[in-house]
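Q: The residues making up each chain are set out below.
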Amino acid sequence: MSSISDLTLDQTRRKLLSKELSAKDVTDHYLSRMEVYKSLNAYITETPDLAQKQAAESDARLANGTARPLEGIPIGMKDLFCTEGIRTTAGSKILGNFVPHYESTVSRKLRDAGTIMLGKTNLDEFAMGSSNTTSAYGNTISPWRRKNGGNEELVPGGSSGGSSAAVSAKLCLGATGTDTGGSIRQPASFCGIVGIKPTYGRCSRWGIIAYASSLDQAGVFAETVKDTALLLEACSGFDPRDSTSANLPVPDFSAALTGDVRGLRIGIPKEYRVDNMPEEIEKLWQQGIDWLKSAGAEIVEVSLPHTKYALPTYYIIAPAEASSNLARYDGVRYGVRQDKPALIDMYEATRAAGFGDEVKRRIMIGTYVLSAGYYDAYYIKAQQVRRLIRQDFINAFEKCDALLTPATPSAAFAIGENEDDPVKMYLNDVFTVSLNLAGLPGMSVPAGLDSQGLPLGLQIIGKAWDEETIFKVGGVLENAANFKAKPFQ
Amino acid sequence: MADLIQGETGTWEVVIGMEVHAQVIANTKLFSNAGATFGAAQNEQVSMVDAAMPGMLPVLNEKCVEQAIRTGLGLNAQINETSVFERKNYFYPDLPQGYQISQFQHPIVGKGVIEIDLPDGATKEIGITRLHLEQDAGKSIHDQHPTKSYVDLNRSGCALMEIVSEPDLRGAEEATAYLSKLRMILRYLGTCDGNMEEGSMRADVNVSVRKPGDAYGTRAEIKNVNSLKAVQQAIHFESQRQVTLIEEGKPVIQETRLWDPDKQETRSMRSKEEAHDYRYFPDPDLLPLKLRSGWVDEIRQTLPELPDQKKHRFMKEHGLSLYDATVLIAEKIRAAYFETVVETGKDAKLTANWVINELLGALNKDGKSLADSPVSAADLGGLISLIKDDTISGKIAKDVFAEMYATGKQAATIVEEKGLRQVTDIAEIEAMIESVLAEHPDNVQAYRAGKDKLFGFFVGQIMKKTGGKANPGMLNTLLKEKLDGK
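Chains as they are written, first to last, in the numbering used here: chain Z, 22 to 510; chain C, 11 to 496.
Source of the hints: derived by calculation from the structure; they are not laboratory data. Treat the hints with care, since some could be wrong.
To be verified - Derived pair list, reagent style SDA-like, types lysine to any residue, alpha-carbon separation capped at 25 angstroms:
#, chain 1, residue 1, chain 2, residue 2
1, Z, K381, C, D409
2, Z, K402, C, M63
3, Z, K329, Z, L269
4, Z, K36, Z, L278
5, Z, K114, C, P103
6, Z, K361, C, K149
7, Z, K329, C, K149
8, Z, K114, C, A36
9, Z, K402, C, P103
10, C, K149, Z, L285
11, Z, K74, Z, R129
12, C, K300, Z, E124
13, C, K98, Z, R108
14, C, K300, Z, E379
15, C, K300, Z, K314
16, Z, K402, C, M58
17, Z, K361, C, F101
18, Z, K291, Z, Y447
19, Z, K45, Z, E124
20, Z, K130, C, K149
21, C, K273, C, H152
22, Z, K130, C, D214
23, C, K233, C, D214
24, Z, K314, Z, L285
25, Z, K381, C, V94
Stated by the list, open to error - In silico contact screen, one side only, chain Z against chain C (beta carbon under 10 angstroms); selected entries:
#, residue
26, C103
27, I107
28, H122
29, Y330
30, S344
31, S345
32, Y355
Positions of the beta carbon are idealized from the N, C-alpha and C atoms, including for glycine.
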């Protein structure tokens, strides 16, 4: 008999509905796996008591016919989503003692859909990073290893590295993430799973600890495209408490998985052929193009001429917003305070001890680019370029229905590998940041392995509010790629 | 009525611009649903948003926007269809977010103009530069513990309108006239209670001096001026300080200064160099504010008659003097009282006299406001109609009013009870004249011989007999006829 953890989210859901499995069985199984693989450090806070309580409720509902759409499905919650009564750290020391009195909209919607929360997953501090190595609660270790026998510990990607590692290692069936510059798609690619960042405004930001408000967007991870469709449908929707949330109906995302992409026009942006792109990535991309072509899609070359400015633009706008968003962590009302007799000393000591290096770096960059005398040259210029980047996509989407690109410029790297040079680390986001600047939805689908046997993802970019086409294309790619590789092998 | 300072080197003109922070009357705060009323216990009106808890987001309160538009219309100002909320970044314990959400480059209200009334009866137009919406800060409390400070966040996030004037004011008198008129307009509109003592209206005063005709001088911004009196004192002190500096050959520094009411002086808070770099940028949590089409017009339809409109109407429609009209429109309730009295009493000028001199005089003496008046507008109208229809004389009416004020009774009741009804029967008055003339034949003779002044004597005697009730006009006419032997 196959193990519970061999099932996908959707398969588990069906077995729960048909009572072949109980929510208690499923939850206990995942809780025990969490124990076994604790060394991956995928969770900052585990919530087994809550999970078991929720499993009992799920079983009762499954028994009495009041099951909700995702009844009994155990998930991980990125520790950036505020959860009522459960410590929420944002991966930072400064919130090490912070227990919210409220539940974020996304986590509440998932709870109300019947999911079971196993715990709060690890992340880069305040979601700033691409490796999960800036977390104050230790690195999350990818369950994947290179084939070379070196057994180096690899990063799961970031910032949602705890979530991607947990889904990949089957320490949950799905997980939430947030994506400000690639923080869902890059870790999904590194861990060989599916990750989707919907259109900015699709999921409420209420209760998500802010990094860069105009870019932050919640999304989900799971093993399959269908699983992410189910999860995203549950956590999307208008929220009057978030002024940037869109008042639009949530489509039936899984219904978009028709397997039929005939006649769809898939754009290939030529500017994504960056210098020094590894051949493996190039090959994988071509493979993806071929798969879609043979499934009946039409391939068109498009141009996104301002692509090369996306990364520098992102590293002005995101830190600018972050420098302001993180001003509230001052030790006055909550969080870890370093007591000093004088106010300024208290501020300085609290923030010096509470924030890690990467967060401090971005606060300083952000403060600098907003300063008098530099504002026009940096912040205003970046906003202008951002508009151009957005316009690039609008123009490209006149010729196509979705874009296909690599998700990352490489497979997962070893912990410590890019630590010496922040810019090298920032380059991880080269294919992903443009979407955040343009507010567009994107998905990473596992499509192949590099020579070391590490997963590589392809990215599908959709028009604003057209996640359905992404799911459709994602489903076709998933079938064609037939990605069966698993970690721990 | 410009304030001019006589210096060593000549005459100096005092130039003032005002930044007024007016707390918006609304049930909830600008971006949260916490209550926004004055006087709640400390930290009782604080939402998760106001305390800047992680992940909390601002949502704009429509009522506050409506109030800002109302105010803009009341200031005859341009309402901007699109405005932008920005973050003004600085650290302070009573600023939980570490930034104040304010409007900077794109305020909701642009240029406008109001008319101020000067003590000599003249009026002057003062330009409004802009009005923008912003969050108030909380309150730091430093005197409850020897080493610790406390923070009260009740006010944190309450909506403020910052109303900026052009540097059109010339001295302390105009500055206070401006504040008074602004407060009057806000109260008429119901957008701010204008209470400077409770801090719901606060003014920063920009002061500079120049030789008349010269370009503007360097200005100092004075904070902590919390009353009309403080505004006057601070302007007098600061303008004199600047004149002295310049005449001593020293520069005036552009800086923020604090008014110290105890020492009666301004002193430097921070210079331009030390000024905060607020790093304004558009708040990414809030989309640009775009006003629904037609909304401004809908609000315009609901505007009350504003003080100046009312003043001009009172002068035109009721034939009042500028002075009377100005006094009567000073408060909305006062103007409404006046108009109710006119409705019953049918004589606007008489009513103006009675309201201003008798009623407001009496209330003022007792330290009462019009809202507490023991004499209702309808009752005062009743008194005036008794004067108008000759039931009582103006003189008797004053006694009746005193009785009304003391007892709350109606004028007609008092007149009946005390038999104060005026004698208007010609035969009766003639009889009294006959009797008095008969009693004083010598004086009659003297009068007729040319001693005109004795006319008053006869009037007095007759009034004495009638207890003052004889109709004075009729008495005069009839007495004259009798004495002149017609």
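Q: All hints are to be evaluated individually against the structure, with a verdict given for each.
A: Going through the hints against the structure:
no.: 1; hint: Z:K381 with C:D409; result: violated, 80 angstroms
no.: 2; hint: Z:K402 with C:M63; result: violated, 31 angstroms
no.: 3; hint: Z:K329 with Z:L269; result: violated, 32 angstroms
no.: 4; hint: Z:K36 with Z:L278; result: holds, 21 angstroms
no.: 5; hint: Z:K114 with C:P103; result: holds, 21 angstroms
no.: 6; hint: Z:K361 with C:K149; result: holds, 21 angstroms
no.: 7; hint: Z:K329 with C:K149; result: violated, 47 angstroms
no.: 8; hint: Z:K114 with C:A36; result: violated, 39 angstroms
no.: 9; hint: Z:K402 with C:P103; result: violated, 33 angstroms
no.: 10; hint: C:K149 with Z:L285; result: violated, 60 angstroms
no.: 11; hint: Z:K74 with Z:R129; result: holds, 16 angstroms
no.: 12; hint: C:K300 with Z:E124; result: violated, 30 angstroms
no.: 13; hint: C:K98 with Z:R108; result: violated, 30 angstroms
no.: 14; hint: C:K300 with Z:E379; result: violated, 37 angstroms
no.: 15; hint: C:K300 with Z:K314; result: violated, 45 angstroms
no.: 16; hint: Z:K402 with C:M58; result: violated, 34 angstroms
no.: 17; hint: Z:K361 with C:F101; result: holds, 16 angstroms
no.: 18; hint: Z:K291 with Z:Y447; result: holds, 21 angstroms
no.: 19; hint: Z:K45 with Z:E124; result: holds, 24 angstroms
no.: 20; hint: Z:K130 with C:K149; result: violated, 37 angstroms
no.: 21; hint: C:K273 with C:H152; result: holds, 21 angstroms
no.: 22; hint: Z:K130 with C:D214; result: violated, 48 angstroms
no.: 23; hint: C:K233 with C:D214; result: holds, 5 angstroms
no.: 24; hint: Z:K314 with Z:L285; result: holds, 10 angstroms
no.: 25; hint: Z:K381 with C:V94; result: violated, 29 angstroms
no.: 26; hint: C103; result: holds, 5 angstroms
no.: 27; hint: I107; result: violated, 13 angstroms
no.: 28; hint: H122; result: holds, 7 angstroms
no.: 29; hint: Y330; result: violated, 19 angstroms
no.: 30; hint: S344; result: holds, 8 angstroms
no.: 31; hint: S345; result: holds, 5 angstroms
no.: 32; hint: Y355; result: holds, 7 angstroms
Hint check: violations occur at hints 1, 2, 3, 7, 8, 9, 10, 12, 13, 14, 15, 16, 20, 22, 25, 27, 29; the rest are consistent with the structure.
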